[in-house]
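Protein chains: 4
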Amino acid sequence: MIIVMKRNATQEMVTKMVRRVEELGMKAHVIVGTERTVVAAIGDERGGVQAELESCDEVEKVLPILAPYKIASKETRKEPTIVTAGSLVVGGGTIGIIAGPCSVESEEQIIEAAHQVKAGGATALRGGAFKPRTSPYAFQGMKEEGLKLLAAARDATGLAVVTEVMTPHHVEMVCQYADVLQIGARNMQNYHLLQAVGETRKPVLLKRGPSATIEEFLLAAEYVLDQGNSQVILCERGIRTFETHTRFTLPLATVPYLREKTHLPIMIDPSHGTGIASLVPSMSAAAIACGSDGLLIEVHPNPAKAVSDAAQTLSPAAFAATIETCRKVAHALGMKM
Amino acid sequence: MIIVMKRNATQEMVTKMVRRVEELGMKAHVIVGTERTVVAAIGDERGGVQAELESCDEVEKVLPILAPYKIASKETRKEPTIVTAGSLVVGGGTIGIIAGPCSVESEEQIIEAAHQVKAGGATALRGGAFKPRTSPYAFQGMKEEGLKLLAAARDATGLAVVTEVMTPHHVEMVCQYADVLQIGARNMQNYHLLQAVGETRKPVLLKRGPSATIEEFLLAAEYVLDQGNSQVILCERGIRTFETHTRFTLPLATVPYLREKTHLPIMIDPSHGTGIASLVPSMSAAAIACGSDGLLIEVHPNPAKAVSDAAQTLSPAAFAATIETCRKVAHALGMKM
Amino acid sequence: MIIVMKRNATQEMVTKMVRRVEELGMKAHVIVGTERTVVAAIGDERGGVQAELESCDEVEKVLPILAPYKIASKETRKEPTIVTAGSLVVGGGTIGIIAGPCSVESEEQIIEAAHQVKAGGATALRGGAFKPRTSPYAFQGMKEEGLKLLAAARDATGLAVVTEVMTPHHVEMVCQYADVLQIGARNMQNYHLLQAVGETRKPVLLKRGPSATIEEFLLAAEYVLDQGNSQVILCERGIRTFETHTRFTLPLATVPYLREKTHLPIMIDPSHGTGIASLVPSMSAAAIACGSDGLLIEVHPNPAKAVSDAAQTLSPAAFAATIETCRKVAHALGMKM
Amino acid sequence: MIIVMKRNATQEMVTKMVRRVEELGMKAHVIVGTERTVVAAIGDERGGVQAELESCDEVEKVLPILAPYKIASKETRKEPTIVTAGSLVVGGGTIGIIAGPCSVESEEQIIEAAHQVKAGGATALRGGAFKPRTSPYAFQGMKEEGLKLLAAARDATGLAVVTEVMTPHHVEMVCQYADVLQIGARNMQNYHLLQAVGETRKPVLLKRGPSATIEEFLLAAEYVLDQGNSQVILCERGIRTFETHTRFTLPLATVPYLREKTHLPIMIDPSHGTGIASLVPSMSAAAIACGSDGLLIEVHPNPAKAVSDAAQTLSPAAFAATIETCRKVAHALGMKM
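Quick mapping for you: the protein sequence lines, in order, are chains C, H, E and G.
Under the working numbering, think of the first position of the first sequence as 1, with each following residue one higher.
Under the working numbering, think of the first position of the second sequence as 1, with each following residue one higher.
Under the working numbering, think of the first position of the third sequence as 1, with each following residue one higher.
Under the working numbering, think of the first position of the fourth sequence as 1, with each following residue one higher.
Among these hints, one or two may not hold up.
Which copy? The list can't say, so a pair holds if one copy fits it or any two copies do.
Pairs of lysine-lysine, DSBU-like flavour, derived with a Cα cap of 30 Å [to be verified]: (1) K261 x K336; (2) K328 x K16; (3) K261 x K6; (4) K74 x K61; (5) K6 x K74; (6) K16 x K61; (7) K148 x K74.
By construction, these hints were calculated from the structure, which means they are not laboratory data.
Quantities reported herein were computed from a predicted structural model and do not represent experimental measurements.
Chain C on its own, in the form it takes in the complex (with noise of 0.2 Å):
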């Protein structure tokens, strides 16, 4: 950690400094420039020692040397973390593709949901059963009903069901169900359902807030892997910026940057990245380019009929047309899909 003084910093604060910098468990070096004095602090500099020192009225700035992550940190796991379950396999140079609908509608619906983004290329389904949304008034899911017509969309395909779970009272539930956990953007720093989530042995499939930072969303990994979980797959899902032409902005750059920070896969929502159905072919293409390990697409049956998120749906005909187009560029990188 580096504390820069303030110009008019005297020697005393220096020293004073330097006496609480040893206090905190740091080591501290001197520096004296032509224009400011910085304190190099050596040591454990996690868990909040910066704002104390920027606190101080002689301190002009505390600039971190460390990442505040650790057991995400490719520093401390060299080699890709593989998630697997049931059909889906995600990392290490595999690529999962879990589709569905946003919202499990009905017995009918999910079945043929299941079986038409199976015979599209997906390897995992998915489908809503407990809905956030952001009015009271719209639809909030099936509940644990839908969490059955999940399972039996499973048993009737084979393919692993990966849903959301919105609250820790809920986490036993839905892992009786489930294949893989969905923590949702919004809850993303819920940390109490992170820690419960942690505590079962069931992969999470964690998305990015959309006003998250890169450092944020791996600390909220960390509560998850801090727990005993290390099955983590993150999600980028598009972050809120000032343009409004698409839903949210979708940041790709987000899957090569995290690759050099993390050993935990990454996947991309192109549906909820853009919200709009005509974008999501050629951002799925892109995401798959640039290296990303799986990709999560809303499909429905009949997307104009979707009781949430329509605007955003692929119908199963445009989805394995888009996953056809995601192999071939796949394949041309050397990648298997």
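Mind docking chains H, E and G on chain C? Use the hints.
Just chains H, E and G now, kept in the frame of chain C:
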């Protein structure tokens, strides 16, 4: 709802759209323009029909006419809602001042802080017992022990206690000790939590999520109101933008804008909104000047020793001076404080 | 244009609004809804009437129906515009690759760079002679001397030259040496400059401003087109968001989105779009995969010695490998490259 | 400058880095930490060496210590700069009020507006003769004829005239009529223009670009100051964020933050900052309360008839009431107005 058809939409497509609008229970008006045909759909447009219509191939865009929230709307209730909780009154011309440390750290600390903020002009005490922390390695709060200390501080000073509840499972416990339940910014869209506090009759302090639109903010309030709890205070605490010199960007225009849309009282949190203690006094004065119903300010007996958010925490003396300045502004503008 | 009247608007106010709409040369349709009355105004809504109508007390909001650009619109011209400048062809299924150093530094450097990027697959050479620099103390470019060196590099390699022009006064001079005039992101709304390059018949490479909406971007192109210059290439180079791990956020969805709106070709600049050399190869491949008509990449004979933008600059070898990967993607998707 | 080496950096790489730092004219200190080695480079770090060092493979990141601006810095000049131009005084405890229409439309309009804003409390007149408009089809201003009318309005009222100059070629002409040269937000990084106004001795009103960081804003001022023109007023007019309910997001914390960094006076433009006339009065009061040296407000004799920016324009009566409120706040806080 205004449905803009694509330029090449045929008469047949328009007729089909009129039928769909009527199936959705709305009346349709067709307006043929020079470059586009639009279909005006009259009736209740809330509940997700916009996305369904937007997903149709022949539709260019769908423009909603109505705001999606109802109970929070000024159209539902013209008079300002006044929230009262013991010593705290917020709204209808009365300014509430909630102050105290980010975290409860010890009995001595919280009792001392309570006396100090009361002396400085606070009408309620804040303090975190359950702390949402970005890193799993940071201090997570004293939990129920912290709640007991907050209750002790109330007994010692008469100040109402405002504290955060992070998960539905804790609502009952926090209700036993707190006068106002705070929903943190990270949980603004934790819908199970919003419903759980909505089921109580404790006032709720709802903080805006850092990337929430004003509409999403009011819809989050609507989740609480919809459960029958009408005592909701909205709190702007800064949004995430490209600016990095402050921790968040504090958009004070939220205050007069919300005033036009809702009857709920509106507070400002200049501590999180800036992240820098030296900016808190002037932003507090600005908040009062633009009509804020109150302030939420972090104050610690010894800011540099605060276990969390030290850099944005005022000393008791700085707090008292800030409130003194705010009082001058309030009185100059004819407000009670 | 749809004019939403306030809830309490009287019949008289509506009648008055109808008259104003008619005065503005449009036809008015009144639609009385359950909660609001709206007035649909039919006719040419471009040219600022929206703001005028929005300023009326009795109006809640005004919703435009038409896009504000015309010549750039796909509705005006269905076939893709192909921009050709010597060795560079962009659009209509042909991918253009513009590469070279951020700044022209010396004859040796630019000639060497030109040979290297040509060998690596570039179809045009970029290099800055006039450099817009955030700080007045940073290197501002070799100016006309730099232009001469670019022309020499063209003579040596046959590559078309793309270079930035910063002010109207320089347009004539830059035209003498360059094949394509680049308008930098900071100048996207420098309207005198846009008009000046619009008056030439040189192709224009227009970079998106970091906080420009897509509509503003197309309107900037419209300034050039409106002067009679139809040879405009749009270039997405990243937007400013809350993300700080990359220099900008590169929203690749711009490519397929613009494809639906305009006939102009669209390029991606992954160098500025990420600011990190190690991310450029994968983002280049992603750009091609989502249909970009070309790439603009910073390449320097010795990146670490580049006088500007060193951190985002590829070595000639890394550039050649990147293009090789892009070619595989392009061919897999049936595109020429 | 602090150079953080990668974890796997060898002793040899560190030695090489020390040599490079010394070649760049700085002194190097090596600090070996538990997880990383850092090299502290002491000396003048301005001028682009950060990017060069960051481009080295063995470097993880480079952290600057010094602000990149000099003349604008409070370290260079402790006393506040007071800008004076005829009737306008801004800074050092005196609040300047610049008001008038967005565009000069006619002699009658600008003379009437000038009298009205003077009566309402303005100390200078604003009005655009050259208008930067997003669309080429919108009104572009009366040009030199408009400048003449502004000069006539000054003659009639004694108010100093503030007007925008858009391109270097016009600087001389605008100087003949104007008392203060305004640089619009879109031109904040139009460096030739900044240099051109820097070469005059007319005061400059520099508006912040909607996506400019505070550092970039001060560096833009530095371009003007570096040419020897010390009379620069900084003007915050709102930034582009994800918020759409206001035209821009007005971050008032810019005022106290800039106060800590620079001696230049700081104004607020609540008209562009909100885009909504009804929010201007309260945001004006807030600006004064947090220490703004002035306000820039759009006022038109008949807002609904304004040819540009009608929705954010105050009537003369609303303006007078706003200034009256601001005066109360200023006096309560001991400021002159």
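Checked hints:
no. : hint        : result
1   : K261 x K336 : within (23 Å within a copy, 35 Å between copies)
2   : K328 x K16  : neither (63 Å within a copy, 38 Å between copies)
3   : K261 x K6   : between (33 Å within a copy, 12 Å between copies)
4   : K74 x K61   : both (28 Å within a copy, 17 Å between copies)
5   : K6 x K74    : between (35 Å within a copy, 12 Å between copies)
6   : K16 x K61   : both (16 Å within a copy, 28 Å between copies)
7   : K148 x K74  : neither (38 Å within a copy, 42 Å between copies)
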